[in-house]
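Colleague: Next come the chains, spelled out residue by residue.
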Amino acid sequence: MVLLLQFLLNGIVRGSAYTLVALGVTLLFSIMHIVNFAHGELYMFGAYVCWVFVTYVTGNYWLGLIAAIIVVFFMGLLIERLTFRPLYDKAHINMFIVSLGLVIVLQELATLIWSGFAKKLDTGYKSVRSFGNIFITDERLIVIGVALLLIVASLLYFRFAKSGKAMRAAAQNRVGASMVGIDINKTAALAFGVGSALAAAGGCLLGPLFMLTPTMGAVVVMKSFVIIIIGGMGSIGGAIIGGYALGIVESLFEGYAWSEWAPAVGFVLLILVLSFRPQGLFGRG
Amino acid sequence: MMAKNQRLATYITCAVVAIVLPLVLSPLKAGNFYLHILIIISLFTMMASGLNLLLGFTGQASIGHGAFYGIGAYTSALLVMDANFPFWLAFLAGGCAAGAAGALIGYPALRLKGISFAIVTFAVGELVRLIFVNWKNLTRGQDGVTDIPGATFLGIDFTAKLPMTYLALLFALLSLVLVDRIVNARVGKAFISIREDEDLAAATGVNVMGYKVLSFTISTFLAGLAGSLYAHYMRFINPADFTVMQSMQLIAMVVIGGLGTVMGPVVGAVVLLFLPELLRPIKDYYYLIFGLILILVMIFAPAGVMGGVKSLTTRYSKERA
Numbered sequence: 001m002v003l004l005l006q007f008l009l010n011g012i013v014r015g016s017a018y019t020l021v022a023l024g025v026t027l028l029f030s031i032m033h034i035v036n037f038a039h040g041e042l043y044m045f046g047a048y049v050c051w052v053f054v055t056y057v058t059g060n061y062w063l064g065l066i067a068a069i070i071v072v073f074f075m076g077l078l079i080e081r082l083t084f085r086p087l088y089d090k091a092h093i094n095m096f097i098v099s100l101g102l103v104i105v106l107q108e109l110a111t112l113i114w115s116g117f118a119k120k121l122d123t124g125y126k127s128v129r130s131f132g133n134i135f136i137t138d139e140r141l142i143v144i145g146v147a148l149l150l151i152v153a154s155l156l157y158f159r160f161a162k163s164g165k166a167m168r169a170a171a172q173n174r175v176g177a178s179m180v181g182i183d184i185n186k187t188a189a190l191a192f193g194v195g196s197a198l199a200a201a202g203g204c205l206l207g208p209l210f211m212l213t214p215t216m217g218a219v220v221v222m223k224s225f226v227i228i229i230i231g232g233m234g235s236i237g238g239a240i241i242g243g244y245a246l247g248i249v250e251s252l253f254e255g256y257a258w259s260e261w262a263p264a265v266g267f268v269l270l271i272l273v274l275s276f277r278p279q280g281l282f283g284r285g
Numbered sequence: 286m287m288a289k290n291q292r293l294a295t296y297i298t299c300a301v302v303a304i305v306l307p308l309v310l311s312p313l314k315a316g317n318f319y320l321h322i323l324i325i326i327s328l329f330t331m332m333a334s335g336l337n338l339l340l341g342f343t344g345q346a347s348i349g350h351g352a353f354y355g356i357g358a359y360t361s362a363l364l365v366m367d368a369n370f371p372f373w374l375a376f377l378a379g380g381c382a383a384g385a386a387g388a389l390i391g392y393p394a395l396r397l398k399g400i401s402f403a404i405v406t407f408a409v410g411e412l413v414r415l416i417f418v419n420w421k422n423l424t425r426g427q428d429g430v431t432d433i434p435g436a437t438f439l440g441i442d443f444t445a446k447l448p449m450t451y452l453a454l455l456f457a458l459l460s461l462v463l464v465d466r467i468v469n470a471r472v473g474k475a476f477i478s479i480r481e482d483e484d485l486a487a488a489t490g491v492n493v494m495g496y497k498v499l500s501f502t503i504s505t506f507l508a509g510l511a512g513s514l515y516a517h518y519m520r521f522i523n524p525a526d527f528t529v530m531q532s533m534q535l536i537a538m539v540v541i542g543g544l545g546t547v548m549g550p551v552v553g554a555v556v557l558l559f560l561p562e563l564l565r566p567i568k569d570y571y572y573l574i575f576g577l578i579l580i581l582v583m584i585f586a587p588a589g590v591m592g593g594v595k596s597l598t599t600r601y602s603k604e605r606a
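Sequences listed follow chains A and B, in order. Residue numbers for the first sequence follow my numbering, beginning at 1 and rising by one. Residue numbers for the second sequence follow my numbering, beginning at 286 and rising by one.
Just to be clear, a hint being listed does not mean it is correct.
Stated by the list, open to error - Once the Cα atoms are required to be at most 20 Å apart in a straight line, the calculated EDC-like pairs of lysine to aspartate or glutamate come out as: (1) B:568 <-> A:260; (2) B:446 <-> B:432; (3) B:289 <-> B:482; (4) A:120 <-> A:138; (5) A:90 <-> B:367; (6) A:90 <-> B:483; (7) A:162 <-> A:183; (8) B:421 <-> B:526; (9) B:421 <-> B:411; (10) B:421 <-> A:260; (11) A:90 <-> B:465; (12) A:126 <-> A:139; (13) B:421 <-> B:481; (14) B:446 <-> B:428; (15) A:186 <-> A:108; (16) B:398 <-> B:481; (17) B:398 <-> A:89; (18) B:314 <-> B:562; (19) B:474 <-> B:484; (20) A:120 <-> A:89; (21) A:90 <-> B:432.
Worth flagging that the hints you see were computed from the coordinates, not collected in a lab.
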């Protein structure tokens, strides 16, 4: 029982970061129809920018987190302007291939700047708390808390902020949205920036629990796509539930069964869900 | 599309080039090295023309093609080593295993459109790689399969570089001819109609699901055959040979060569496999440049090299007419 709770808690920690990245992917893919495989590389850059600030500039994890979110937000704007905007009226496949190119370019840039050797992002919050027989480090509590905060904030943003509403309007009907005066290009750019910032936050949060490497984002972005397909395209709720669920299932699998197969769990779930419910668990058919 | 004589002439030209090129290259100082590159180009041509059939002609993106290459390689190597199959039978079995896996996965997966299908192929690619790594009793895990016997067929030993080059070139040419025959036949028209508009194709009576699965099966079959040749040429395979990066490189070849052109994959394979040699002085930047080229081609010249050639020649023949 204690073990089960411990695994669940680990799963929630992992799921928190998955959810943040998956929210960004949902925002871009399901809502703005931008296919960006390089989203995981923004997660990776977020973690590295945070590392740079913590190691060389301030030594404070929180300032590193904020700096990473800001830097990657602008990186997102730049990438959208240079590579994706020329392709909005072209076939989807072109955007998809461009984003594969971006994956390579960003990974290589990171390797050139920071070398391929793994880096350790140190938060300084290592002390362990115990709740009964369950143990958790402060670091992991921070992951859960900050992720929750950002998820709620983005939900409120989509619902109430003017630019958040504009994104939903553009998602429903591009022509209609531009008729009522919404600048589609600006909205898409902003969505790209916000999605990138969420990915960066995910990288800063999960980064300290593992090592930083230039390829750390590749698996995470695939998992996010798995999450949003399982959750149901376009469903923000589906992305959140899917993100936490995948984290928990993976963690349980690692704890109880063969850990070497844990990376496969999401992919097997994906194939099962698609075979029986192609629109996803929470998607409308 | 092409006149019959013109097509025959193209086939003969390609065959002559394939026969002469190794003879010219092998006496050179770095002859063996050139032959090695030629073999690798041939294998990638097989895979890329298969992927082109799927991506360029049928409009379905697979980012897990490396997995089928791996299935072909492992099936063939293990059948020869653990079940005493002769090479040619194992070679065919490698292709069939990859094709069968493709059909099996394609049937549920191709119900999905566009990017969702691509994600599933990625998932399959990762699953297959994990099987190569973790099913140690069968695949020998991370250590890989060593001492794979070289290819022998009809008493001819293809272990030496020159015969192996001809074997690889032969199958590369056959793949190109196969794709050329397919895309100019009724089947090919069905593939193209699906790429252009799936719903319209279905409305005009094209069995969309059937043709999509067929395209995926042929494409994975070719990848499997290439994998088998790779295994018996390198005589060593391990899971690191069949990664997502390889699948990406294949996509880049098809795109840079020209989506939906028969010769595109050859051009793409030559460019992408010779590029590292040209860029050797700045080899740290190779992948960076490779990624940049992919992005620039897609934004500024989405038709690729052969697409450009095609539009130039049609303009020329129009002016002449």
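Colleague: Give a verdict on every hint.
Modeller: Hint by hint, here is what the structure shows:
Only pairs whose Cα atoms come within 20 Å are accepted, and residue 568 (chain B) paired with residue 260 (chain A) is rejected, the gap being roughly 34 Å. Annotation: proposed proximity of residue 446 (chain B) to residue 432 (chain B) holds, straight-line Cα distance about 17 Å (limit 20 Å). Only pairs whose Cα atoms come within 20 Å are accepted, and residue 289 (chain B) paired with residue 482 (chain B) is rejected, the gap being roughly 29 Å. Among the hinted pairs, residue 120 (chain A) with residue 138 (chain A) is consistent with the structure: their alpha-carbon atoms are about 17 Å apart, no more than 20 Å.
A distance of roughly 50 Å separates the Cα atoms of residue 90 (chain A) and residue 367 (chain B); the hinted pair therefore is violated under the 20 Å criterion. Distance check on the hinted pair: residue 90 (chain A) and residue 483 (chain B) sit about 17 Å apart at the alpha-carbon level, within 20 Å; holds. Distance hint between residue 162 (chain A) and residue 183 (chain A) is fulfilled; the C-alpha atoms sit about 12 Å from each other, no more than 20 Å. This hinted pair checks out: residue 421 (chain B) and residue 526 (chain B) have alpha carbons roughly 16 Å apart, not beyond 20 Å.
Restraint check for residue 421 (chain B) and residue 411 (chain B): satisfied, since their Cα atoms lie roughly 16 Å apart, inside the 20 Å limit. Restraint check for residue 421 (chain B) and residue 260 (chain A): the C-alpha separation of about 12 Å stays at or below 20 Å, so the hint holds. Proposed proximity of residue 90 (chain A) and residue 465 (chain B) is contradicted: the alpha carbons are some 27 Å apart, above 20 Å. Between residue 126 (chain A) and residue 139 (chain A) the alpha-carbon distance is near 6 Å, which keeps this suggested pair within the 20 Å criterion.
Proposed proximity of residue 421 (chain B) and residue 481 (chain B) is contradicted: the alpha carbons are some 44 Å apart, above 20 Å. A hinted pair counts as satisfied when its Cα atoms are at most 20 Å apart, and residue 446 (chain B) with residue 428 (chain B) does not qualify at roughly 25 Å. Restraint check: the Cα-Cα separation between residue 186 (chain A) and residue 108 (chain A) comes to about 29 Å, which exceeds 20 Å; the hinted pair is violated. Of the supplied pair hints, the one linking residue 398 (chain B) and residue 481 (chain B) holds, its CA atoms being roughly 13 Å apart against a limit of 20 Å.
For the given pair, residue 398 (chain B) sits about 18 Å from residue 89 (chain A) by alpha-carbon distance, which is consistent with the 20 Å threshold. Distance restraint check for residue 314 (chain B) and residue 562 (chain B): the Cα-Cα separation of roughly 16 Å lies within the 20 Å cut-off, and the hinted pair is therefore satisfied. At most 20 Å may separate the alpha-carbon atoms for a hinted pair to count; residue 474 (chain B) and residue 484 (chain B) meet this at roughly 15 Å. For the given pair, residue 120 (chain A) sits about 42 Å from residue 89 (chain A) by alpha-carbon distance, which is inconsistent with the 20 Å threshold.
Between the alpha carbons of residue 90 (chain A) and residue 432 (chain B) the distance comes to roughly 49 Å, so the proposed pair goes past 20 Å and is violated.
When each numbered hint is compared with the structure, violations occur for hints 1, 3, 5, 11, 13, 14, 15, 20, 21.
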